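Trainee: Next come the chains, spelled out residue by residue.
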Amino acid sequence: MADVLLLLILIPALTALLIMALSPKAEGMIRAIGLLGSLVPTAFAIAAYAAFHHGATALQYPFSVRWLAVANAFNMLTLHIQFAFGVDGISMPLVVLVGIVSTLSFLRSFTVTERVKSHYVWMLFLTMGLYGVFAASDLFTFFFFLESTLVSSYFLINIWGGERRHYAATKFLIYRGLASVVLLAGLIGLAYSFAAEAQTASASVVLPNAPNFLTLSIPQLIAEVQLIQLPAATQNVLFLVFLLAVLIEEAFVPFHTWLPDTHENSDTGTNMMIGGALMKIGLYVLLRFGAELLPLGLQHYATLLAVLGVISILYGALVAIASRDWRRLIAFSSISHMGLVLLAIGSMQAIGIQGAVFMLVSSGLLTALLFFTVGAQADRTRTFTIGDLGGLSKSLPVISGVMLVAALGSVGLPGMSGFISEFSLFVGGFTTFPGLSAIGTLGMILAALYLLYAMQRTTFGPVQTLVTEMPDASAIEYVPMAVLVFLVVLIGVYPDVLGNVVHGTAQAIAARIGG
Amino acid sequence: MANALGFLTFSDVWRSMGPEIIVIGGAFLIMLVELFLPASLKRVSPWLAVLALVASATVLVVRLGAAVTTYSTSAYIVDDFGSIFKLIILIATLLVILLAIADRSAESLPYEYSYLVLFATGGAMVISSGVDLVTLYVGLELLSIASYILVALYRKSARSAEGGLKYLIIGSIASACILYGLSFLYGVGGSTNLGQIGVNLQSGWTNYSGILYLSLGFVLVGIGIKVSVVPFHLWTPDVYEGAPTPVTAYLAVVSKAAVLAFFLRVFVWIYGQKFGQWGDIVAWLSVITMIVGNIGALPQRNVKRILAYSSVGQVGYLLLPFAAVGSTTLLNDMWQALSSIAFYLFAYMFMTIGAFAVFAKVAEARASEDIDAFAGLYRRSPFLAGMMAVFLLSLAGLPLTAGFFGKFMIFLVAFNAGQYWLGVILFATSAIAFYYYFGILRAMFTREPAGDQERVRSSPTLVVVVALCALGTLALGIAPSPLMDVLNGLHWFG
Numbered sequence: 000m001a002d003v004l005l006l007l008i009l010i011p012a013l014t015a016l017l018i019m020a021l022s023p024k025a026e027g028m029i030r031a032i033g034l035l036g037s038l039v040p041t042a043f044a045i046a047a048y049a050a051f052h053h054g055a056t057a058l059q060y061p062f063s064v065r066w067l068a069v070a071n072a073f074n075m076l077t078l079h080i081q082f083a084f085g086v087d088g089i090s091m092p093l094v095v096l097v098g099i100v101s102t103l104s105f106l107r108s109f110t111v112t113e114r115v116k117s118h119y120v121w122m123l124f125l126t127m128g129l130y131g132v133f134a135a136s137d138l139f140t141f142f143f144f145l146e147s148t149l150v151s152s153y154f155l156i157n158i159w160g161g162e163r164r165h166y167a168a169t170k171f172l173i174y175r176g177l178a179s180v181v182l183l184a185g186l187i188g189l190a191y192s193f194a195a196e197a198q199t200a201s202a203s204v205v206l207p208n209a210p211n212f213l214t215l216s217i218p219q220l221i222a223e224v225q226l227i228q229l230p231a232a233t234q235n236v237l238f239l240v241f242l243l244a245v246l247i248e249e250a251f252v253p254f255h256t257w258l259p260d261t262h263e264n265s266d267t268g269t270n271m272m273i274g275g276a277l278m279k280i281g282l283y284v285l286l287r288f289g290a291e292l293l294p295l296g297l298q299h300y301a302t303l304l305a306v307l308g309v310i311s312i313l314y315g316a317l318v319a320i321a322s323r324d325w326r327r328l329i330a331f332s333s334i335s336h337m338g339l340v341l342l343a344i345g346s347m348q349a350i351g352i353q354g355a356v357f358m359l360v361s362s363g364l365l366t367a368l369l370f371f372t373v374g375a376q377a378d379r380t381r382t383f384t385i386g387d388l389g390g391l392s393k394s395l396p397v398i399s400g401v402m403l404v405a406a407l408g409s410v411g412l413p414g415m416s417g418f419i420s421e422f423s424l425f426v427g428g429f430t431t432f433p434g435l436s437a438i439g440t441l442g443m444i445l446a447a448l449y450l451l452y453a454m455q456r457t458t459f460g461p462v463q464t465l466v467t468e469m470p471d472a473s474a475i476e477y478v479p480m481a482v483l484v485f486l487v488v489l490i491g492v493y494p495d496v497l498g499n500v501v502h503g504t505a506q507a508i509a510a511r512i513g514g
Numbered sequence: 000m001a002n003a004l005g006f007l008t009f010s011d012v013w014r015s016m017g018p019e020i021i022v023i024g025g026a027f028l029i030m031l032v033e034l035f036l037p038a039s040l041k042r043v044s045p046w047l048a049v050l051a052l053v054a055s056a057t058v059l060v061v062r063l064g065a066a067v068t069t070y071s072t073s074a075y076i077v078d079d080f081g082s083i084f085k086l087i088i089l090i091a092t093l094l095v096i097l098l099a100i101a102d103r104s105a106e107s108l109p110y111e112y113s114y115l116v117l118f119a120t121g122g123a124m125v126i127s128s129g130v131d132l133v134t135l136y137v138g139l140e141l142l143s144i145a146s147y148i149l150v151a152l153y154r155k156s157a158r159s160a161e162g163g164l165k166y167l168i169i170g171s172i173a174s175a176c177i178l179y180g181l182s183f184l185y186g187v188g189g190s191t192n193l194g195q196i197g198v199n200l201q202s203g204w205t206n207y208s209g210i211l212y213l214s215l216g217f218v219l220v221g222i223g224i225k226v227s228v229v230p231f232h233l234w235t236p237d238v239y240e241g242a243p244t245p246v247t248a249y250l251a252v253v254s255k256a257a258v259l260a261f262f263l264r265v266f267v268w269i270y271g272q273k274f275g276q277w278g279d280i281v282a283w284l285s286v287i288t289m290i291v292g293n294i295g296a297l298p299q300r301n302v303k304r305i306l307a308y309s310s311v312g313q314v315g316y317l318l319l320p321f322a323a324v325g326s327t328t329l330l331n332d333m334w335q336a337l338s339s340i341a342f343y344l345f346a347y348m349f350m351t352i353g354a355f356a357v358f359a360k361v362a363e364a365r366a367s368e369d370i371d372a373f374a375g376l377y378r379r380s381p382f383l384a385g386m387m388a389v390f391l392l393s394l395a396g397l398p399l400t401a402g403f404f405g406k407f408m409i410f411l412v413a414f415n416a417g418q419y420w421l422g423v424i425l426f427a428t429s430a431i432a433f434y435y436y437f438g439i440l441r442a443m444f445t446r447e448p449a450g451d452q453e454r455v456r457s458s459p460t461l462v463v464v465v466a467l468c469a470l471g472t473l474a475l476g477i478a479p480s481p482l483m484d485v486l487n488g489l490h491w492f493g
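Chains as they are written, first to last, in numbering that gives the first Met the number 0: chain A, 0 to 514; chain B, 0 to 493.
Keep in mind that the hints were calculated from the coordinates and are not lab data. As the structure is a computational prediction, the values presented were derived from the model and not from experiment. C-beta: ideal position from N, C-alpha, C; glycine also. Careful, some of the hints might be misleading.
Said to hold, decoys possible - Not everything, but these chain B residues come out facing chain A in the computed CB check (under 10 Å):
1) Leu397
2) Met408
3) Phe444
4) Asn487
Construct all of the structure, not just a fragment, from the sequences and the given hints.
Mentor: What follows is the structure, given as structure tokens:
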């Protein structure tokens with residue numbers, strides 16, 4: 000069990016290599032192996048989740064090997080770069096989210112008929128990259144996997160996407176590439192600032208990683224941050240750098256335009272991966288590096304976070320109302336929901352941070368479910384345009400039903416994961432920013448408006464589609480819908496299944512940022 | 000110097016110049032043999048060159064990390080700095096010759112290239128180890144003159160001739176600039192030996208600073224032209240486009256590495272003590288080179304020109320570590336900067352030669368250098384398309400490839416020196432470069448080939464070259480540790 004995180008990386012990578020060696024004509028075999036290559040790590044991830052030690056604050060399932068050393072990298076110190084993994088209460092749920100979303104999108108990919116072999120190879124590499132990002136416990140390892148997701152997503156959008164896929168893929172690449180540049184500057188700046196600070200402080204404080212203070216290891220940095228503080232000015236600068244990266248990465252206003260274009264021009268499986276897992280990276284970065292390692296920076300810019308959060312909540316919701324395409328609507332809805340998370344992190348309350356993680360998971364599941372059902376109906380009606388749809392509840396009762404469940408979950412109906420997430424978010428938010436949070440709740444009302452209005456036009460009303468004979472959900476489509484609905488409801492009625500894991504880490508972070 | 004040779008036994012000379020002797024001797028031998036070989040057997044000559052290069056590299060590797068020795072009254076030095084550059088030069092030349100063997104296109108190269116390349120390489124090696132102004136200049140001219148001929152080797156092609164003439168004129172101006180600058184140095188320093196000049200200049204800077212800066216300026220301009228630093232880069236795309244592709248790869252890698260060695264040696268040894276006063280110039284040159292090189296590639300449709308502009312941008316990255324250490328006086332930081340340059344040169348060598356190798360084959364198959372020639376390459380040759388993807392991703396600096404670690408290392412140097420803005424520009428321009436590198440990737444993987452779908456057949460030699468380059472690119476990207484450990488342990492200038 001100790002090296003389970005390494006397996007999460009290795010299995011998809013090795014499966015991809017195996018598929019590369021197969022003939023492109025052996026499509027059945029490729030699909031089976033690809034599914035297996037995503038299913039097995041998911042099983043491991045769930046097992047790791049089940050065996051997760053709730054009380055402990057240290058990173059669990061640690062694994063690390065030396066990658067390379069750069070002599071004299073800073074102030075005569077040697078930089079040791081490690082290939083290292085480990086999870087805590089924030090990353091563990093996200094690792095499982097990657098597992099579930101990826102396996103289900105592999106099921107969805109059964110409908111891909113064009114260049115099947117390449118599709119599965121890129122999907123597997125994307126899966127590997129996503130696991131790596133959330134499981135990494137070394138800044139370099141983290142960045143390494145982050146960059147790898149860029150390449151695999153680029154090809155997935157570019158080859159299997161819609162009409163304007165080349166444009167969308169290039170836009171995706173440039174935006175996220177720039178975000179990576181900024182992020183890298185932040186990560187290295189963070190490590191170097193800590194090294195400089197530790198070197199000076201080592202006279203009075205005994206530090207865990209003496210005598211070599213230059214470290215990229217996340218657990219070591221977390222241990223250091225409890226003993227020494229970076230100067231407030233340094234923290235503020237670094238925090239702003241991270242914030243800029245996160246704003247681009249998460250498509251917050253005003254860097255939001257790439258996300259709707261990406262979703263509109265990607266195939267459903269890729270959309271599930273991007274919307275369900277990839278789009279959680281930015282806020283994970285903010286929690287991990289912003290909140291955990293730069294507490295003073297977060298305190299200083301908490302109001303800014305909340306304001307930016309509220310802007311994205313409202314802007315996303317308003318544009319979603321005007322969206323004509325289901326995929327753009329989901330994209331803007333997800334921007335709006337991620338704005339809530341920004342508000343919650345700004346609140347600096349334990350319950351807010353717990354709500355933030357809940358929201359990341361819940362929105363991951365619901366976005367994947369929405370994309371899946373919307374994609375399933377489009378397989379039959381050949382359109383994503385809301386205005387061209389109508390009366391689907393008669394011809395496709397199951398798919399429309401699940402779509403409604405997903406919409407209600409996103410709106411925040413009690414008993415589903417969206418409700419508990421929003422509830423905790425706002426408890427945290429109202430404690431710190433009552434006024435801003437009150438404006439933020441408007442987003443919830445607007446969400447009900449745009450999601451239910453779009454649902455109503457799609458599923459009820461006159462039948463507008465030209466296709467008359469439409470088979471409802473097939474056996475293979477039941478699986479993703481059932482799994483996702485089950486999880487959404489499970490978290491909704493029994494939040495402790497997630498809360499037990501998140502709670503300890505959320506408390507620890509909040510204690511440090513003074514919540 | 001003639002007198003000094005009297006004190007040296009042959010074994011002394013062999014110990015100091017063994018690898019060079021093998022290369023130059025091999026060149027003379029092939030020149031003779033080539034003359035007498037019947038036309039049908041001429042194809043042996045490049046393989047002889049390969050043999051000479053392998054032998055030379057073997058002798059060289061044995062010496063890496065050995066104690067520093069100077070010979071021939073300090074005209075020549077065997078130190079790790081020279082050895083590592085020579086290693087890069089030899090491996091790159093080897094790959095280029097293999098590429099030339101593989102690239103038997105319609106206008107096949109005359110076999111003279113095999114010894115011309117060896118002469119040029121001999122010059123490049125002399126540059127890496129010379130510590131005397133005259134020795135350095137002789138090496139530089141040997142490299143340059145052989146390169147002029149190489150560029151114009153397609154005697155019947157107008158573009159090749161045009162490129163050759165352009166290169167000859169511009170290159171001669173550069174050589175003249177360098178020579179003129181060095182002459183001032185000799186005038187003030189009173190010696191042609193770098194070490195001696197350095198000592199003499201300790202007092203000379205106060206009295207003759209004007210003339211010394213003039214010499215620095217001339218040498219910098221000359222070198223700037225040779226390695227195509229912006230704003231002296233305008234010849235690059237034309238010459239690269241006109242030259243036979245293996246020669247282009249040679250210019251882009253070997254020639255640049257050697258002149259860079261010249262630059263580092265002369266500037267660290269002689270002008271180094273006043274670094275603080277001119278270091279910023281190099282920083283700015285590096286910045287505009289990164290920006291202009293990468294932006295210049297954006298509108299290009301000809302892949303060879305894209306690669307030419309990209310190689311201009313890459314020079315900016317290579318200059319950056321040197322520029323970044325301007326603010327420090329610590330020797331360790333200088334060593335770190337040098338290892339990052341060496342590491343990036345290794346990476347640059349593999350990815351650039353690899354990219355040119357794939358390009359040569361694809362352009363030949365379609366008789367076009369346009370980006371459209373790459374359309375649907377994944378169908379016509381999955382192997383070449385996959386390998387080209389590795390090279391392009393590495394040039395773009397993405398993970399699992401050598402380019403990623405290379406840039407990361409350079410980035411660390413900039414950060415260590417406190418020059419954060421240089422680091423940010425490095426990655427910002429890399430992000431710009433995504434656009435054109437991914438443009439080629441997109442053509443290869445997402446577009447369907449126009450016209451006939453005939454498969455591109457690669458010869459075994461081409462497969463070997465491309466596979467070697469890809470292996471190097473991936474090995475340095477997945478496990479950079481062995482090379483890094485070697486570089487960390489080097490003594491550089493002793």
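Trainee: Each hint needs a verdict: does it hold in this structure or not?
Mentor: Here is what the structure says about each hint:
1. Leu397: Since chain A brings a Cβ to about 5 Å from Leu397 (chain B), closer than 10 Å, the hint holds.
2. Met408: holds (6 Å)
3. Phe444: holds (6 Å)
4. Asn487: holds (4 Å)
The structure is consistent with each of the numbered hints, conforming to all of them.
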